[in-house]
Amino acid sequence: MIRAQDIHKAFGPKRVLTGVSFEVARGESLVVIGGSGTGKSVLLKCLLGLESPDRGEVMIAGLTRPRPHELAAHVGMLFQGAALFDSLPVWQNVAFRLMRGPARMARAPAREAALEKLARVGMAPESADLYPAELSGGMQKRVGLARAIAGEPPILFFDEPTAGLDPILAAVINALIREIVTEMGATAVTITHDMRTLRDVADRVAMLHEGRLYWQGTAAEALASDDPVLTQFIQGRIDGPIPTLR
Amino acid sequence: MNPILAALGAIGRSVATGLGAVGRFVTFAALALSHLVRPPFYGRELALQLVQIGWLSLPVVGLTALFTGGALALQIYAGSARFNAEFAVPSITAIGMVRELGPVLGGLMVAARVASSIAAEIGTMKVSEQIDALRTLATDPMKYLVAPRIVAATLAMPVLVAVGDAIGILGGYSVGVNRLGFDGPTYLRNTMDFLEFWDVASGLVKGAVFGFLVALCGCYFGMHSGRGAQGVGEATKTAVVLASILILSANYILTEAFFSA
Chain A
1 MIRAQDIHKA
11 FGPKRVLTGV
21 SFEVARGESL
31 VVIGGSGTGK
41 SVLLKCLLGL
51 ESPDRGEVMI
61 AGLTRPRPHE
71 LAAHVGMLFQ
81 GAALFDSLPV
91 WQNVAFRLMR
101 GPARMARAPA
111 REAALEKLAR
121 VGMAPESADL
131 YPAELSGGMQ
141 KRVGLARAIA
151 GEPPILFFDE
161 PTAGLDPILA
171 AVINALIREI
181 VTEMGATAVT
191 ITHDMRTLRD
201 VADRVAMLHE
211 GRLYWQGTAA
221 EALASDDPVL
231 TQFIQGRIDG
241 PIPTLR
Chain B
1 MNPILAALGA
11 IGRSVATGLG
21 AVGRFVTFAA
31 LALSHLVRPP
41 FYGRELALQL
51 VQIGWLSLPV
61 VGLTALFTGG
71 ALALQIYAGS
81 ARFNAEFAVP
91 SITAIGMVRE
101 LGPVLGGLMV
111 AARVASSIAA
121 EIGTMKVSEQ
131 IDALRTLATD
141 PMKYLVAPRI
151 VAATLAMPVL
161 VAVGDAIGIL
171 GGYSVGVNRL
181 GFDGPTYLRN
191 TMDFLEFWDV
201 ASGLVKGAVF
211 GFLVALCGCY
221 FGMHSGRGAQ
231 GVGEATKTAV
241 VLASILILSA
251 NYILTEAFFS
261 A
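If you read the sequences in order, they're chains A and B. For the record, in the first sequence the residue sitting at position 243 is 243 according to our numbering, with numbers rising by one throughout. For the record, in the second sequence the residue sitting at position 119 is 119 according to our numbering, with numbers rising by one throughout.
FYI, nobody ran anything at the bench for these hints, they're computed from the structure. Bear in mind the structure is a predicted one, so any value in this text is a computation, not a measurement. Among the clues, some could well be false.
What the hints assert, rightly or not - Mimicking DSBU-like on lysine-lysine, the simulated pairs with C-alpha atoms at most 35 angstroms apart in a straight line are:
1. K14(A) <-> K237(B)
2. K14(A) <-> K143(B)
3. K14(A) <-> K45(A)
4. K45(A) <-> K143(B)
5. K237(B) <-> K143(B)
6. K237(B) <-> K45(A)
Chain A with its partners taken away, still in its complex shape (with noise of 0.2 angstroms):
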């Protein structure tokens, strides 16, 4: 479903991807996590089609090189920020790509199958004549992942979906995702450096260090292995080999 080969990206002098190579399988989910800065985000963009990666190729949905217009109809994604549109309301923003993909849907069929995706993640129907602004960080998560599935696409992205969140909401987002990706039978890329979140989501864990996925397993696998970088990283430790001045 996802095929990733030898990527390679470079920002100037600075190399982060120095030959990421994975595949994820259909209704698998694929949890990856790194430190800051190892260039989890610009792996994922390079997945999206939002970076051309210097070297190597991506697959997604038989599609190679992909770019966003084209992987629109198979790919929901959730930005890290959840970079709602801020000059539209709640519905308007979940129903976005229906409206104004190629479907063109019609705005009362539109607003319902927003509301539909609202009520799925969680959200009344009163907020969604509201704007993002007036949204907690909480809420705005929600509906970001409400846009990321509405129209139903196979693949699902998730970039830090907790990030900012309180471990309690980070818990209730942790578990939509799970449900979500589940009763879609969708396939997931997750980007994260939340353990909880490897915890309740991953079928299967890649850590990325160095420019390159260093390891690759079950998340039980991950969270008993005794690999240096990977316990380090899994226990936050400040001594081991992942330097902390990056």
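With the hints as your guide, set chain B onto chain A.
Chain B only, in chain A's frame:
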């Protein structure tokens, strides 16, 4: 290294950087123009921008024109009185407003209000990943954000100039009648008799060009905004400065072209 070679190298790098920037701006303009004629078209966004750029700019353009028209009448009276040519105040005020001051001052005020607002809005959208979100939702930011703003500004600006011209002439009339002792109907008759179609039309053409430049600068610097508040602030400032310079230089080129025609 030889200091002369070092200096030449520095100059060469600066020239190359400058030419690169011009090339990127021109390429963006060409790309934006190509998106104006290719579907999909976003009518609702265009209508929204017509209100934002056109309707909401009326007060600032109107007030600018009103005071400029009044001041212009006073200045022309002061100058023409030296040659006993006070009768020329209505006609010269009108021609000054419609051919030059209406479009230029209107353009500069819209540049300050609209180029800054567009650059800040799009820049903030870029910084907060909303532009990326648009792209993942099968929506081209050039079509959804840039094209409606450019079309709206190009259409709205001539209307703003026309309204500004009328208000500026009214400002001159008000000063002429109440301060300089002109007869009201005579002032208006002199104005209407003297103005020709091309006087007004050339100002409106300038308005359309200035509107295009204002929106283009706002969109370009918004889409190329740097990171964080400082990046957005820098984009906003540069958009207003470049829009103002382009308006003044385009005004000279257009005036020269109309003058030669």
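Hint-by-hint comparison with the structure:
1. K14(A) <-> K237(B): Answer holds: K14(A) to K237(B) is near 29 angstroms, not above 35 angstroms.
2. K14(A) <-> K143(B): Holds. K14(A) to K143(B) sits at ~33 angstroms (cutoff 35 angstroms).
3. K14(A) <-> K45(A): 17 angstroms, holds
4. K45(A) <-> K143(B): 21 angstroms, holds
5. K237(B) <-> K143(B): Holds, at roughly 24 angstroms.
6. K237(B) <-> K45(A): 29 angstroms, holds
Of the numbered hints listed earlier, not one is contradicted by the structure.
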